[in-house]
Amino acid sequence: MLNWLKSIANQNESALRGMKPLLEKVNSFEESLSALSDANLQKKTEEFKKRLSEGETIDDLLPEAFATVRETAKRLRQERHYDVQILGGIALHRGSIGEMKTGEGKTLVATLPAYLNALEGKGVHVVTVNDYLSRRDAVWMGEIYSFLGLSVGVLNHDSSYLYDKTHGQEESRIKNQESRSEEDEKDKERDILGSFKVLHEFLRSCTRKEAYQADITYGTNSEFGFDYLRDNLEYSPEGLRNREYHYAIVDEIDSILIDEARTPLIISAPHAESGELYKTFARIALTLKKDEDYTVEEKHKSISLTEAGIEKAEKSLGVPNIYTEKGIKYVHHLEIAVKAKALFELDKQYVVSEGEVVIVDEFTGRLQPGRRWSEGLHQAVEAKEGVEIQKESRTFASISYQNYFRLYKKLSGMTGTASTSAEEFLKVYQLDTISIPSNKPSQRQDHNDFIFQTEKGKFKAIAKGVKMLHEKGQPVLIGTVSIERNEVLGAFLKAEGIKHEILNAKNHEREGEIIAQAGKKGRVTIATNMAGRGVDIKLGGNPATKEEYEEVKAIGGLFVLGTERHEARRIDNQLRGRSGRQGDPGETQFFVSLEDELMRVFASDMVKSMMGKIGLAEDEPIENKLLNKSLESAQEKIEGFHFDSRKHLLEYDDVMNHQRKIVYERRRNILLGGIDEVGVYLETASGGLEEFLKIVEGKKKELGEEVFLEGTRRLILQTIDLFWVEHLEAMEYLRGSVNLRAYGQRDPLVEYKKEGLFLFKEMEANVFEQVTKLLPFMALRAPAVENVELKEIHEGAEGITQSGSGGSKSPEARSALTGEKIGRNDPCPCGSGKKYKRCHGA
475 MLNWLKSIAN
485 QNESALRGMK
495 PLLEKVNSFE
505 ESLSALSDAN
515 LQKKTEEFKK
525 RLSEGETIDD
535 LLPEAFATVR
545 ETAKRLRQER
555 HYDVQILGGI
565 ALHRGSIGEM
575 KTGEGKTLVA
585 TLPAYLNALE
595 GKGVHVVTVN
605 DYLSRRDAVW
615 MGEIYSFLGL
625 SVGVLNHDSS
635 YLYDKTHGQE
645 ESRIKNQESR
655 SEEDEKDKER
665 DILGSFKVLH
675 EFLRSCTRKE
685 AYQADITYGT
695 NSEFGFDYLR
705 DNLEYSPEGL
715 RNREYHYAIV
725 DEIDSILIDE
735 ARTPLIISAP
745 HAESGELYKT
755 FARIALTLKK
765 DEDYTVEEKH
775 KSISLTEAGI
785 EKAEKSLGVP
795 NIYTEKGIKY
805 VHHLEIAVKA
815 KALFELDKQY
825 VVSEGEVVIV
835 DEFTGRLQPG
845 RRWSEGLHQA
855 VEAKEGVEIQ
865 KESRTFASIS
875 YQNYFRLYKK
885 LSGMTGTAST
895 SAEEFLKVYQ
905 LDTISIPSNK
915 PSQRQDHNDF
925 IFQTEKGKFK
935 AIAKGVKMLH
945 EKGQPVLIGT
955 VSIERNEVLG
965 AFLKAEGIKH
975 EILNAKNHER
985 EGEIIAQAGK
995 KGRVTIATNM
1005 AGRGVDIKLG
1015 GNPATKEEYE
1025 EVKAIGGLFV
1035 LGTERHEARR
1045 IDNQLRGRSG
1055 RQGDPGETQF
1065 FVSLEDELMR
1075 VFASDMVKSM
1085 MGKIGLAEDE
1095 PIENKLLNKS
1105 LESAQEKIEG
1115 FHFDSRKHLL
1125 EYDDVMNHQR
1135 KIVYERRRNI
1145 LLGGIDEVGV
1155 YLETASGGLE
1165 EFLKIVEGKK
1175 KELGEEVFLE
1185 GTRRLILQTI
1195 DLFWVEHLEA
1205 MEYLRGSVNL
1215 RAYGQRDPLV
1225 EYKKEGLFLF
1235 KEMEANVFEQ
1245 VTKLLPFMAL
1255 RAPAVENVEL
1265 KEIHEGAEGI
1275 TQSGSGGSKS
1285 PEARSALTGE
1295 KIGRNDPCPC
1305 GSGKKYKRCH
1315 GA
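In my numbering, each number is its position in the sequence shown, counted from 1, plus 474.
The set of hints was computed from the structure by calculation and includes no laboratory data.
One should not assume that every hint holds.
Dumping the calculated EDC-like pairs for lysine to aspartate or glutamate here, alpha-carbon to alpha-carbon at most 20 Å [stated by the list, open to error]:
1. Lys973 x Glu958
2. Lys523 x Asp512
3. Lys884 x Glu897
4. Lys775 x Glu1110
5. Lys548 x Glu505
6. Lys764 x Glu785
7. Lys1247 x Glu1157
8. Lys764 x Glu819
9. Lys1111 x Glu1041
10. Lys995 x Glu1021
11. Lys1027 x Asp920
12. Lys930 x Asp1093
13. Lys1235 x Glu1203
14. Lys934 x Glu961
15. Lys941 x Glu929
16. Lys1175 x Glu1157
17. Lys596 x Glu712
18. Lys1121 x Glu1041
19. Lys901 x Glu734
20. Lys1099 x Glu1110
21. Lys813 x Glu788
22. Lys1135 x Glu1236
23. Lys1103 x Asp920
24. Lys934 x Glu945
25. Lys941 x Glu970
26. Lys941 x Glu1092
27. Lys1235 x Glu1157
28. Lys865 x Glu1203
The structure presented is a predicted model; accordingly, all values stated were derived computationally and were not measured.
Start from the sequences, fold in the hints, and give me the full structure.
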């Protein structure tokens, strides 16, 4: 391990040395560019584009283009890129991850490669972790891009925008408000917080397509990913949103490509009703006892039923053997009901809001409305909480984040904490990690952990420690692992009379505002570890006078207090990184207890026995370097486990990805192609028969080429979609069943690949057969066929985390040939001879 770390350090040093000549070239342009008028500086963009058209490459343009962006930022925002930021920009342009400490100005760094790569006219995507940061970064940096003649789009969950500098007239008003000194403190703060909301004044609404047509588009990972899936459900070229996957810069890349990589993106719609079953099994689960009727494996987040538990369930259901009498369906319902009871806690993994179970992001503490757990788990939690049980859903499209981001020809990213995951970035995404030195040396003090016997003792000690810091005016940011812990800790602080602000999913819309003010003198802020990521915490507040800044700096800067070690070292390092930005002083320390999940499950017996022998009071800590190393060792083991889990997901998704690419490429060729492409498809579908092709030619003459093309295109696309949805379900069932084959000494992945290929070929044959069967009966008038189900998904369904779309109505069925509504008892239009409800309406 030590040799590997030394090797990485040597490679990093070598990479930085290789960038130095380019940095010198960038700096060499500074004097000449600073002498240009604004008008001549703006002309640089057209000059660069002309040089590209004449044969130069963007690598050739890099030094002067970077220098142009630096000069523009200096004039418009009074922010000149430091040399280390130029190095970061070079790393991003070369398709690497730039690891830059918190407060080093990553948002400004991204302007360099974004501008340079946007000159090619193929679009650049800047990916952020939430909607607020997409808007904020687009507005802050849009001023630079707009000055240089580039357009900027923004994708948000329910809207999209274009940066419009004519909307920026509010800027001077904001600056005036922020600089006033003789006003009531509360009014002053209200104005400051209001400035976050004024970001909308710089943005005007636009269509999704317009946002993608911009030179540079800001948006969240889920918005980009779901739009990719939606584009591959479209029936008309006009409905397509995106163009090509040219270049992406991923901000907080570790959060997006690692933390969220175990959760695939899924678009689905409600499909079946089985609410009573979930209620029945929720009642049974309530009667079962931990360790007697079921066991919990906390490391793997799984449960196992005991013989006693199975017998209890059988007695409640009135069946002698649940496995033979009711089959796998009842066993599955029983297991997920117990899982919902044992592993999913209210105000930790989810909250109940307005009668609905809403998922809480375990990393950020943010609510995830519209997202649902898959395989009936969400319904099991709904039954447990006694709220209305939503319909189960049917998957229409899905992709993992790993395979989505592999679509880009070039990918890069920024974060303050990539080194501990450098191996995964390299193996999965072929991304090198380059650590960029900070502009100023770090002055932050990272203290050893305080370890307590009990959680209650830990919280008591935290409250006492925070009170001492608060009394001397040192601002404190307290990081927790869940909403529930926020509330518990808040009660302890209240008992000590400490005024504080709690940030969690219940007030997450003010996230950026609350975090931005965490550096004010005497401020105490409680937040989940990842909350407000991307928002700078400045000493004295944001903005702060020089006096306010110096006052907080003199008393030690921001004190970051972690209340629990996270499973991943990166998350702990991100929390620490909130303090000591740009060479400011700061302190960090973690308070942990033997009752914390990480310690309880993973800490060594040595730690536990040492704590037991010392005999301290519950709020007295032990501080020891060996204990710190033991904790980090436990974290390394968990990181390895999660890496294997993500790798496992990817191995299976790679099988689906190969099939997905074939289907989506074929679908897009039909969607965008003309009569020739459709003709080639029909020839392939029929196996080149002399007879079918004659029918095709006859239909072409009968309907006219344009009408024939539109009708045939719709028929092919709807047939592909019909069988692809069924294939997705078949592959999901296959995925769940192949694991059992390991008992027969067969590799589940090999089995999945082999049978998956067979199923895919069978699906293709069925699509071809259906198209050739239905085309001869195509009506004289080309119908304007509307797939209502997919339309609802585009307009109303949320992106789903592992399933479900909350709230879409059951779509009505319409014929692929006539566009007319199909009754449940009507003959199925597929030609099977069955009633619709017994065939494709089942």
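Here is how each hint holds up against the structure:
The hinted pair formed by Lys973 and Glu958 meets the criterion: a straight-line CA distance of about 19 Å does not exceed 20 Å. Restraint check for Lys523 and Asp512: satisfied, since their Cα atoms lie roughly 18 Å apart, inside the 20 Å limit. Between the alpha carbons of Lys884 and Glu897 the distance comes to roughly 19 Å, so the proposed pair stays at or under 20 Å and holds. At most 20 Å may separate the alpha-carbon atoms for a hinted pair to count; Lys775 and Glu1110 meet this at roughly 18 Å.
Simply put, Lys548 and Glu505 have alpha-carbon atoms about 13 Å apart, close enough for the 20 Å limit, and the pair holds. Taken as a hint, the Lys764 and Glu785 pair is honoured in the structure, with Cα atoms around 15 Å apart against an allowance of 20 Å. A hinted pair counts as satisfied when its Cα atoms are at most 20 Å apart, and Lys1247 with Glu1157 qualifies at roughly 13 Å. Between the alpha carbons of Lys764 and Glu819 the distance comes to roughly 15 Å, so the proposed pair stays at or under 20 Å and holds.
Straight-line distance between C-alpha atoms of Lys1111 and Glu1041 comes to about 9 Å, which keeps the hinted pair within the 20 Å bound. For the proposed pair Lys995 and Glu1021, the alpha carbon gap of about 11 Å is at most 20 Å, so the pair holds. Distance hint between Lys1027 and Asp920 is fulfilled; the C-alpha atoms sit about 17 Å from each other, no more than 20 Å. For the proposed pair Lys930 and Asp1093, the alpha carbon gap of about 8 Å is at most 20 Å, so the pair holds.
Using a Cα cut-off of 20 Å, the hinted pair Lys1235 and Glu1203 holds, with the two alpha carbons roughly 15 Å apart. Straight-line distance between C-alpha atoms of Lys934 and Glu961 comes to about 14 Å, which keeps the hinted pair within the 20 Å bound. In summary, the hint linking Lys941 to Glu929 is supported, as the alpha carbons are separated by about 18 Å, within the 20 Å threshold. Between Lys1175 and Glu1157, the direct Cα distance comes to roughly 17 Å. Compliance with the 20 Å bound is thereby established for this hinted pair.
Annotation: proposed proximity of Lys596 to Glu712 holds, straight-line Cα distance about 19 Å (limit 20 Å). Restraint check: the Cα-Cα separation between Lys1121 and Glu1041 comes to about 18 Å, which is no more than 20 Å; the hinted pair holds. Taking the CA atoms of Lys901 and Glu734, the gap is about 17 Å. The hint holds against a cut of 20 Å. The straight-line distance between the Cα atoms of Lys1099 and Glu1110 is roughly 17 Å, inside the 20 Å bound, and the hint therefore holds.
Simply put, Lys813 and Glu788 have alpha-carbon atoms about 18 Å apart, close enough for the 20 Å limit, and the pair holds. Restraint check for Lys1135 and Glu1236: the C-alpha separation of about 17 Å stays at or below 20 Å, so the hint holds. Of the supplied pair hints, the one linking Lys1103 and Asp920 holds, its CA atoms being roughly 14 Å apart against a limit of 20 Å. For the proposed pair Lys934 and Glu945, the alpha carbon gap of about 17 Å is at most 20 Å, so the pair holds.
For a cut-off of 20 Å, the pair hint linking Lys941 to Glu970 stands: about 7 Å separates their Cα positions. Among the hinted pairs, Lys941 with Glu1092 is consistent with the structure: their alpha-carbon atoms are about 18 Å apart, no more than 20 Å. A hinted pair counts as satisfied when its Cα atoms are at most 20 Å apart, and Lys1235 with Glu1157 qualifies at roughly 17 Å. Annotation: proposed proximity of Lys865 to Glu1203 holds, straight-line Cα distance about 16 Å (limit 20 Å).
When held up to the earlier numbered hints, the structure conflicts with none and fits them all.
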